[in-house]
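S.K.: Please model the entire structure based on the sequences and the hints provided.
Per my numbering, the very first residue in the sequence shown carries number 236; after that it's consecutive.
Treat the hints loosely; a few may be bogus.
So the derived label-pair ranges between C-beta atoms look like this [unchecked claim]: (1) Asp399 - Glu291: 26 to 34 Å; (2) Leu365 - Gln295: 30 to 38 Å; (3) Gly412 - Phe243: 34 to 42 Å; (4) Gly297 - Gly242: 43 to 51 Å; (5) Asp267 - Leu365: 30 to 38 Å; (6) Glu316 - Ser287: 29 to 37 Å; (7) Pro308 - Leu250: 52 to 60 Å; (8) Ser393 - Leu250: 32 to 40 Å; (9) Asn257 - Ile378: 39 to 47 Å; (10) Val273 - Gly307: 40 to 48 Å.
Below, simulated SDA-like cross-link-like pairs (lysine to any residue); rule was C-alpha separation at most 25 Å, straight line [claimed, not checked]: (11) Lys423 - Val403; (12) Lys423 - Leu313; (13) Lys355 - Leu408; (14) Lys319 - Glu348; (15) Lys305 - Ile378; (16) Lys351 - Leu325; (17) Lys319 - Met335; (18) Lys429 - Met370; (19) Lys305 - Ala418; (20) Lys305 - Thr278; (21) Lys319 - Leu408; (22) Lys351 - Cys371; (23) Lys305 - Leu408; (24) Lys351 - Asn294.
Read the hints as simulated data drawn from the structure, not as lab findings. Small disclaimer: the values here were computed from a predicted structure and weren't measured. Beta carbons are placed, not taken as given, at the ideal position from N, Cα and C, and that holds for glycine.
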Amino acid sequence: MLNYLWGFMILTGMLWGAANNNLEAVTQGLLDSAAEAVTLSITMAGIMSFWSGILEVGNQSGLIEWLAGKMGPVLSFLFPELEKDHPARLPIAVNMVANMLGLGMAATPAGLEAMKLLQKDEKLEKEKNLASNTMCCFLIINISSLQLVPVSMIAYRSQYGSADPVAVLGPALLATGCSTLTAVIFCKLMVLRKAVAEK
Numbered sequence: 236m237l238n239y240l241w242g243f244m245i246l247t248g249m250l251w252g253a254a255n256n257n258l259e260a261v262t263q264g265l266l267d268s269a270a271e272a273v274t275l276s277i278t279m280a281g282i283m284s285f286w287s288g289i290l291e292v293g294n295q296s297g298l299i300e301w302l303a304g305k306m307g308p309v310l311s312f313l314f315p316e317l318e319k320d321h322p323a324r325l326p327i328a329v330n331m332v333a334n335m336l337g338l339g340m341a342a343t344p345a346g347l348e349a350m351k352l353l354q355k356d357e358k359l360e361k362e363k364n365l366a367s368n369t370m371c372c373f374l375i376i377n378i379s380s381l382q383l384v385p386v387s388m389i390a391y392r393s394q395y396g397s398a399d400p401v402a403v404l405g406p407a408l409l410a411t412g413c414s415t416l417t418a419v420i421f422c423k424l425m426v427l428r429k430a431v432a433e434k
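M.R.: As structure tokens, then:
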């Protein structure tokens with residue numbers, strides 16, 4: 236659907252330029268946008284590589300595992316069905332830490348690994364096509380994405396010449412804090428509703 240939307244907007248712009256004898260400006264705009272996209276991609280690839288590397292160093296050194304242990308009470312509150320020694324706790328913690336740092340691309344592999352481990356849960360063996368409460372809650376919290384330091388957003392602002400790239404810290408924390416709180420409340424209400432319905 237998104238492809239059709241983008242295609243429609245591009246086609247409309249080209250037709251509008253042709254109708255107003257301004258195809259040269261349209262062509263120049265396309266070339267400038269392509270060059271800017273490549274530059275931004277290279278910049279973001281460098282930033283993401285750096286932070287993903289830092290995350291991997293933390294993982295190899297045991298820092299992430301230590302942090303996952305410290306996040307134990309939070310994980311137990313969010314995912315009460317998940318045992319304390321469940322292997323999915325570590326990738327869930329990695330995913331949440333990466334999201335807090337605004338590293339969505341680094342969070343994705345950990346999120347996928349967590350979902351694979353949750354899918355292997357004994358409780359789901361008979362119903363492979365159904366997601367557990369833990370899986371649903373993890374997905375919703377992952378999407379809400381609490382960000383303490385939105386690295387990607389700061390990088391974008393810096394790339395485009397913002398006078399104060401880190402000015403977004405407060406608004407981002409407020410917005411993502413509200414979205415995450417809403418996600419947690421929603422998950423808890425849905426679990427409660429399911430428990431009541433099953434009785």
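S.K.: Could one say that the CB atoms of Asn257 and Ile378 fall in the range 39 to 47 Å?
M.R.: holds, 41 Å
S.K.: Check the hint pairing Lys319 with Met335 against an upper bound of 25 Å on the C-alpha distance.
M.R.: Given that 25 Å is the threshold and the Cα spacing comes to 22 Å, the pair holds.
S.K.: That 26 to 34 Å hint for Asp399 and Glu291 (C-beta), does it hold up?
M.R.: Holds: the Cβ-Cβ distance is about 31 Å, inside 26 to 34 Å.
S.K.: Verify the CB-CB distance for Gly297 and Gly242 against the hinted window 43 to 51 Å.
M.R.: holds, 49 Å
S.K.: Between the alpha carbons of Lys351 and Cys371, is the straight-line distance 25 Å or under?
M.R.: holds, 13 Å
S.K.: Is Lys305 within 25 Å of Ile378, Cα to Cα?
M.R.: holds, 22 Å
S.K.: Are the Cα atoms of Lys305 and Ala418 separated by 25 Å or less?
M.R.: holds, 22 Å
S.K.: Is the straight-line distance between the alpha-carbon of Lys351 and that of Asn294 25 Å or less?
M.R.: Holds, at roughly 19 Å.
S.K.: For Lys429 and Met370, compute the direct alpha-carbon distance and say whether it is at most 25 Å.
M.R.: Measuring from Cα to Cα gives roughly 15 Å; hence the hint holds.
S.K.: Does the beta carbon distance between Pro308 and Leu250 stay inside 52 to 60 Å, or does it fall outside?
M.R.: holds, 58 Å
S.K.: Within 34 to 42 Å or not, the Cβ separation of Gly412 and Phe243?
M.R.: Since Gly412 and Phe243 have Cβ atoms about 36 Å apart, the given range 34 to 42 Å holds.
S.K.: Please work out if Lys423 and Leu313 have their alpha carbons no farther apart than 25 Å.
M.R.: Given that 25 Å is the threshold and the Cα spacing comes to 8 Å, the pair holds.
Violated hints, in rising order: 5, 11, 13, 20 and 21; the structure is consistent with all others.
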